[in-house]
Amino acid sequence: MEFITERLFIRPLLIEDKASVFKYRSDSESNKYQSWIPREIEDVEVFIENVSNEINVPETWFQFVILEKQTNVLIGDIGIHFMDLENKQVEVGCTLNCDYQGNGYATESLRTIIDYLINTLDKHRVIASIDPRNSNSIRLVERLGFRKEAHFVESFFSNGKWLDDLVYALLAREWKKSND
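This note's numbering puts the first residue of the sequence shown at 12, with every later residue one more than the last.
Since the hints were derived computationally from the structure, they do not count as laboratory data. Glycine included, C-beta positions come from ideal geometry on N, C-alpha and C. Keep in mind that the hints are not guaranteed to be accurate.
Only pairs whose alpha carbons sit at most 20 Å apart, straight line, appear in this in silico DMTMM-like list of lysine to aspartate or glutamate [as the list claims (entries may be wrong)]:
| hint | residue 1 | residue 2 |
| --- | --- | --- |
| 1 | K159 | D175 |
| 2 | K172 | E40 |
| 3 | K80 | E119 |
| 4 | K34 | D54 |
| 5 | K99 | D133 |
| 6 | K99 | E70 |
| 7 | K99 | E65 |
| 8 | K29 | E79 |
| 9 | K80 | D110 |
| 10 | K188 | E119 |
| 11 | K99 | D126 |
| 12 | K34 | E79 |
| 13 | K34 | E51 |
| 14 | K80 | E13 |
| 15 | K172 | D38 |
| 16 | K187 | E102 |
| 17 | K80 | E27 |
| 18 | K188 | D133 |
| 19 | K187 | D126 |
| 20 | K29 | D110 |
| 21 | K43 | E165 |
| 22 | K159 | D142 |
| 23 | K43 | D110 |
| 24 | K80 | E17 |
| 25 | K159 | D176 |
| 26 | K43 | D142 |
| 27 | K99 | E185 |
For each label pair, taking beta carbons as the anchor points, the in silico distance ranges come out as [unchecked claim]:
| hint | residue 1 | residue 2 | range |
| --- | --- | --- | --- |
| 28 | Q45 | M12 | 20 to 26 Å |
| 29 | C109 | P143 | 19 to 25 Å |
| 30 | I52 | N190 | 35 to 41 Å |
| 31 | Q81 | D176 | 32 to 38 Å |
| 32 | G113 | I52 | 24 to 30 Å |
| 33 | E97 | R144 | 31 to 37 Å |
| 34 | D191 | P143 | 29 to 35 Å |
| 35 | S39 | P69 | 31 to 37 Å |
| 36 | F163 | T82 | 37 to 43 Å |
| 37 | V164 | E56 | 32 to 38 Å |
With the sequences and hints as input, model every part of the structure.
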């Protein structure tokens, strides 16, 4: 399963991607709002081994990588959590190499994946869980039509600290209405 947009190529994560993923995911400053920051390349290998190799399996994560079409450089990834046994709700998350942020790549890639989730896989609800300090991600999901549903105080333990968590959501009918 692959997607081609105006500027991007989106495909499943492969073990061969480990060095490229490590390069941007291990940057602790750029990824300070992420719950997973690999310390060594072996951490990325374990991560790749633990994600599902099949999309749309309830209670699993599936991972896509984002490549800039013109250069074929891997610039980020999108994770999809197929949350429930009824398989109607998903969580999405996006990580982009800091050298490529601010160019609309996250919006372009997420728009493609959300459209696929809703219009092809028939998902009812897509959510995003965001650290409240991550204003760039908040703007990103709001630009895509998500609305804030909850602010949980100290509900998420990450990197030795209790953190707040914002939950944004988008219903299929909202997506379809805004994309008609």
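Against the structure, the hints come out as follows:
no.	hint	in the structure
1	K159 to D175	holds, 14 Å
2	K172 to E40	holds, 16 Å
3	K80 to E119	holds, 12 Å
4	K34 to D54	holds, 12 Å
5	K99 to D133	holds, 7 Å
6	K99 to E70	holds, 11 Å
7	K99 to E65	holds, 16 Å
8	K29 to E79	holds, 17 Å
9	K80 to D110	holds, 16 Å
10	K188 to E119	holds, 18 Å
11	K99 to D126	holds, 14 Å
12	K34 to E79	holds, 16 Å
13	K34 to E51	holds, 10 Å
14	K80 to E13	holds, 12 Å
15	K172 to D38	holds, 19 Å
16	K187 to E102	holds, 18 Å
17	K80 to E27	holds, 18 Å
18	K188 to D133	holds, 15 Å
19	K187 to D126	holds, 9 Å
20	K29 to D110	holds, 18 Å
21	K43 to E165	holds, 17 Å
22	K159 to D142	holds, 12 Å
23	K43 to D110	holds, 15 Å
24	K80 to E17	holds, 8 Å
25	K159 to D176	holds, 11 Å
26	K43 to D142	holds, 10 Å
27	K99 to E185	holds, 15 Å
28	Q45 to M12: 20 to 26 Å	holds, 25 Å
29	C109 to P143: 19 to 25 Å	holds, 20 Å
30	I52 to N190: 35 to 41 Å	holds, 39 Å
31	Q81 to D176: 32 to 38 Å	holds, 36 Å
32	G113 to I52: 24 to 30 Å	holds, 27 Å
33	E97 to R144: 31 to 37 Å	holds, 33 Å
34	D191 to P143: 29 to 35 Å	holds, 32 Å
35	S39 to P69: 31 to 37 Å	holds, 32 Å
36	F163 to T82: 37 to 43 Å	holds, 39 Å
37	V164 to E56: 32 to 38 Å	holds, 35 Å
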